[in-house]
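Protein chains in written order, with our numbering: chain A, 290 to 621; chain B, 6 to 320; chain C, 109 to 612; chain D, 7 to 323.
Careful, some of the hints might be misleading.
[As the list claims (entries may be wrong)] Derived coverage of chain D by chain C (criterion: at least 3 residues anywhere in the stretch with Cβ under 8 Å from a Cβ of chain C; other residues may be distant):
id, region
1, 187–193
2, 201–212
3, 314–322
Bear in mind the hints are in silico, worked out from the structure with no lab data behind them. Backbone N, C-alpha and C define an ideal beta-carbon position, used for all residues, glycine too.
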Amino acid sequence: QDDTSKKLYLGVGNTSAEYWTQMIWGATQVMESVGGTVEVIGNDFDPQKSLQNIGAITAPGCEGCIFTWFPDSPAFTKTFVEKIADAGGFITTLWNRAEEIHPWDTAAEAWVANISFDGVDAGYQNGMALCNAMGGTGEIVVLQGVLDNAPAKQRTMGLEKAIAECPGMTVLEMQVGSWQQAPAQDITRTWLTKYGDRIKGIVGQNDAMALGAVAALREAGLAGKVFVTGTDGSSDVVKLIETGEMLSTMSGLNEYQGAIAAALAYGARTGDIKLSDLTEAQRDFFVQQILITKENATEFLARKPDPKDYTYEAIKADFWAKSAGQIPNGVN
Amino acid sequence: MMMDATLRFLRRNGAVLVLLVILAAVSTAAPGILRWRAINSLLQDNAPMLILIVGATLPILLGCLDLSIAAMASLAAVSAALLSPVLGSASVPVVVGGAAALGGLQGWLIGRLQVPSFVISLGALGIFKGVAMYLTGANMVGITPGIWIYDLLGSRSFGMSNSFLLVLIVAGLFAAMLKFTNLGRNIYAFGANEIAVYISGVRRDMVRSFAFATSAGCAALGGIMMISQTMFASATVAGSLLLPALVGVVVGGTAISGGVGGVLSSLIGGLIAILIRVGVTISGLPPESQDVAFGITILIAVALTTDRAKIGVVK
Amino acid sequence: MTAFSLEGISKRFGEVTALDNVSLSLNEGEVLGLIGQNGSGKSTIMKVMAGLHRPDSGVVKVGGRAVQLRSPAEAALAGIGLVHQEQSLIQALSVAENLFLDKPAGSTWAGVYRWNSLRDRAKAQLDKVELDIDPFTPVSALSFGQRQMVELAKVLSLEELVHGHLVILFDEPTAVLNPPEIQALFGQIRRIKHRSSVVFVSHRMDEILDISDRVYVMSDGRNVATRDRDAVNPDELYELMVGRQRVNRKDRKPREAHIGAEPALTLNHVTVPGEIEDISLKLAPGEILGLIGVQGSGAETILRTVFGMADDWQGKIEYFGAPLDIDTPAQAVAKGIGYLPAERKTEGMIRNTSVSENVAITYGWQHGRGAGLISRAKERGMIEGWVRKLAIKTPSIAHRIDNLSGGNQQKVVLSKWLFGKTLKVLMLDHPTRGLDPGARSDLFAVIRELADQGLAILLVGDTLDEVLTLSDSIIVMKDGRVSARIEGVQAAPPSEEDLVKAMV
Amino acid sequence: MSKLLQSQGPLLALLGLVLLFSVITDSFASWGNLGAVLEAAAIPAVVAIGLTFVLMQASIDLSVEGVASLANIILAITIANSVTATDIGLWAVPLVLGVGLAIGATSGAISIYVRMPSLIVTLGMWLTTVGLAALLYPGRLPQILDTRITGLAIGKVWGLSWIVYLTLALIIMALLVEKHTRFGRMCRAIGENEPVLVMSGIKVIRHKIAAFALAGGCYAAAGILMGARIGVGNTQSGVGLLFPSIAACVLGGTLLSGGHGGVRQSMIGVLILVTLRNGLIMVGVDPLLQSALEGAVIILAVAGSTWHLRRKIRVIK
Ligand SMILES: Nc1ncnc2c1ncn2[C@@H]1O[C@H](COP(=O)(O)OP(=O)(O)OP(=O)(O)O)[C@@H](O)[C@H]1O
Ligand SMILES: Nc1ncnc2c1ncn2[C@@H]1O[C@H](COP(=O)(O)OP(=O)(O)OP(=O)(O)O)[C@@H](O)[C@H]1O
Ligand SMILES: [Mg+2]
Ligand SMILES: [Mg+2]
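Next comes chain A alone, as it looks inside the complex (with noise of 0.2 Å):
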């Protein structure tokens, strides 16, 4: 009989992106800290697929299993946390919940925490960077993510946020690029010649994005004048804001946020962790970001994860100390 404990089963949107190896590297430390292994599984973004995919580790019998999972639609989440309080064991979900349901109220003995970044601040911070850029007026426009999720609608928030303190800055229009970067240079083309050189900003609602609006700007001739941000902190990204061809990037802590989602995992089913006694803090909230400008990126860049703070050890002495917060009502 293996011992259930140490193998956290980590469901992902793809394995093939910056941001999923980080978070993926930060679990693997963690388990491997406590002898144990990750088995990644792929989703595609596909909610039926992770639906599948759950349903086929649970079916054979799964009590005390570990799970950290990316629900790929906040509709699915309750369906993944109550199928894994059948099967008896626990799960972190990452990024999407419905804004109705909480750790604490839905599955509550399984569903140990929800770890997110926070959308509103990225698409604030990313807007007053290109509100002080453009000097307080300027014309911009947006290219948004996929429209129902989340992470999409908190970026837009926050920019909205940003603009209402910065009454210069005016949204041109706001087109979806669905998250991808062929897409996105096709509307930024477009966008050029609809607008010509009126657009002064470009807001990328993530890095994908904002490399096919670089990349339709490089076409144009207007690479580094037009100002563009974007959201999850590439390295490619990372590098143009070197270079100047981009103003900034909202990166998260994504090692850690693998790190802690598998470390609280492990903690409540090993019994380090009493769930009924952490509060809703404890239970659902954001990790740490910083955002990415001229001045930190060489830094950023250079900056390598050490695998000894990564240890399940590390990261229990306090587990929440790169949490940036509760997540408020209202922004899933």
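Guided by the hints, dock chains B, C and D with the ligands onto chain A, whose structure is given.
Then chains B, C and D with the ligands, alone, in the frame of chain A:
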């Protein structure tokens, strides 16, 4: 002689045998899968997909394709969730009926506008998705708790998931319809030669509308089953079900070119696809290889379930 | 000298024995007429000769040497070419490409077409059959008869490609041709006789006797007789293949008494732009009205318009006194009108399904349990009855229709109309196309019986003879208009010459 | 006029869209925007070329997204890049095209020899190639450093990138192949009536496998151009290419039932779709409603451009 009989049996019941073989293989790897609870939970999870598969079979028997089913399932889920505070349980028949009407309209438009089903249903996909987005403002819509019909769909009777029981009932009704009614005969004949059937006096617009109405109605039921599990609806909640549904139909041995196959075969095809997914996931393969393994296994399954004697030219 | 021979050939398809130890020899420069009932194996022999089927046993010899013909291409190299019973041109391609479809040598270079050379070579072939069209016309733009001539030209192009002796096989080439075209075809056959042998299948005895040197009779997959042309008469041949005496048309007694007074169907000034103009006619219950005219004269269009298939028409159609207001065949059928299309493959049979489904598609439900439920048991009885009555050669009614011989397919398609309880008007477009003489007279009897029971029948005939035999009145069509009307045909038959004059 | 309508319905639909957007927006009708449309159309056009030959034969190929992504990844890791040390220079291009051809040929061969519908074979191939792309992913997004590739997107002649010119060249080649080679002519014939061709001794199998191989090659080419455009190797780079390209072919008149259409028609279909997307942005429609409008216009465009073809006896499917 024995050989002949065995071969014939294999050809006719290829899908059932493949299902049994895969079940045997999966349960060897993970014996727990054979427990009633496990099976039941898999069936419950996949009931929405299975009902979509059942519905998608009818247009395919005509040689048409309905690409709008997944978008319709999402739209139905959203509409049901929005209507349930007002209508309660009555929202379900209203939504399913409305969906069937929209599906029927699609079928009728194919004939009236003489635009291929691929185009009509692709257009409908976009329209349904857009309308669902618009209705929800791209937000999640929760189901008001305590509405008996959702509770019913989400629970069990006779130890079996009610959603799956509903799938069985619907599939059984359709199978009987295909076998015992004039409409069923017309559907198969339509798939074999539309023009000859038309000249034989069959009301082809009616047959087509019926097929698309059932596929849309089933899709709506699927959307509703889905939210009875998730308790939340969104404009894309079922969006990813299109390809798995088509895969299920094909794995069951129904020919895309029309005229060959059936609802029960599709249901079995769907179960095969589910078991393959389970097998691949519990195999412990790295995630990068899982898609490859799934793709190849599906191919092998289809190779074993296609009754080549019935299909003229394979395209 | 023997140019080609089959020795002891057998061919089975599952439980059906299509050819049973058949031997045949073909002399140089000879035209062999091949006759036999539907399903007796004529097409199968031809396909074996053309390399399309491989025999289960027996030897094929070309010029005295045993050969294996593994494909049509190999057969073509051996100088053997086949004109199919069903047309086999590709509509998407031009005439020229079709002509050289199976023998690309010279028309392409490294896979690239040489259009000029192709045009010249195609032109030469088309000249042979006196078809004056641009070789690059798409086949879809040709009339049915023109296509048949293209098929002929396609086979004749073997003349240039192969140096030795040719064997050219015709499977019912005349079924879709009109008399002048048939004469043109015969001219061709006579022209190529000096360097080829010909096998010619037809169900029309007069044609066989006109063109053949010898007649080879098949029955149930066996050769039952071979006769020199000069030593046979039509009645003997008929008896050899059908196994019973020929019925004489003169035996038929006039039947005016049965014809109803009120017309079932009345057409007033019906026009379909570009196809028919200002057609008026009346058809009474119990009456058989024959329509004749050359291909494209519009007779078929009349039937299709009444059946609700015309896309655009003007005029007035009355049905039992009330205006006929329909838009689809389904509505026509609901009113009691039936239609047998001429194009069996595309419009008649429902391929890949069984004989019984083909028969039951239209009226099966009338014999069901009500509420749209069908009863296969009751249907089976009725269908088997018609299979017996029309002598449809099929192992069972669950057999796939695709595997029947051409003539038997036609009988199946026809029988779907025969057991409707509500049928009042039946329109037949070339109903005997591909039927053997025995089947044809069986069908004649059925048609008469139906008329006697009060059905109104509108018939577009295959031959003048057929229309003269069956009709109570005849309407001759020319260029979309009525060019002659003849009443009381059975009492005072018009001469064929008069009819032809009105047609052309 | 009616003759023109007969053969050029989709073209008229395209012109209608162009006219509509030119009237209701100021910015649509400009050289700059024409460039934007052509740039956006280039990669879908390359995909549609390959797909056309398969569709003409009445088969279908769903493997587009997987093959294009795989091609893109292979290109990125074999040419000079920021992650792996391998650099085989421009040899990467024939390598990638070869892989595409081989994958396509494999799909075709499986479909023919195992007698399985191409829809399911290529669906399996799609999943397989997606998986292969993920397996080859080197852990970090490889940036393509070879400027001969990235220059295709950045270098401009008369306002258009080399990608557009390469695509044009490919279209012309494909038209020549379609109209003047035996393979090209046989593609439509196979879609119309395969049994007759088999009976005529045509090597149908060869032509069918060739069509799938050609399609695979085109998807790989699309993957290369995508690499040039986005400058990285990304396992998701092909995502979103499938349905629009099939829709484009069908919009132009290359029907799924085979025997119809051709490269020219499919290219018009691509332009219709791209123009529509571009125009909707020009109009600035609410993103929530964009897909609904797109769907409605697709139906209307096809209905309008084929209205005159309506016949009672027409198989539609
Ligand atoms: N591909 C096939 N599969 C099964 N049975 C076949 C096939 N082809 C022919 N047969 C059967 O073989 C027999 C001979 O058919 P064939 O087509 O040679 O007849 P035929 O003499 O040409 O008839 P017709 O005058 O009607 O054209 C028939 O019983 C037919 O059902
Ligand atoms: N260069 C040429 N010289 C002579 N004949 C040609 C040439 N190109 C094509 N053809 C012939 O002319 C016919 C019509 O060609 P075409 O390719 O225009 O067909 P189509 O069906 O009209 O297709 P499309 O709608 O794409 O133009 C073809 O069947 C072909 O045989
Ligand atoms: Mg025959
Ligand atoms: Mg043309």
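Comparing the hints with the structure gives:
1. Coverage of a stretch by a chain is defined here by at least three residues with a beta carbon nearer than 8 Å to that chain's beta carbons; for the region 187–193 of chain D and chain C the count is 4, and the condition holds.
2. Residue count for the region 201–212 of chain D with a Cβ under 8 Å from a Cβ of chain C: 6. That meets the three needed, and the coverage hint holds.
3. Against chain C, the region 314–322 of chain D contributes 4 residues with a C-beta closer than 8 Å to a partner C-beta. That satisfies the three-residue criterion, and the hint holds.
Consistency note: the structure conflicts with none of the earlier hints.
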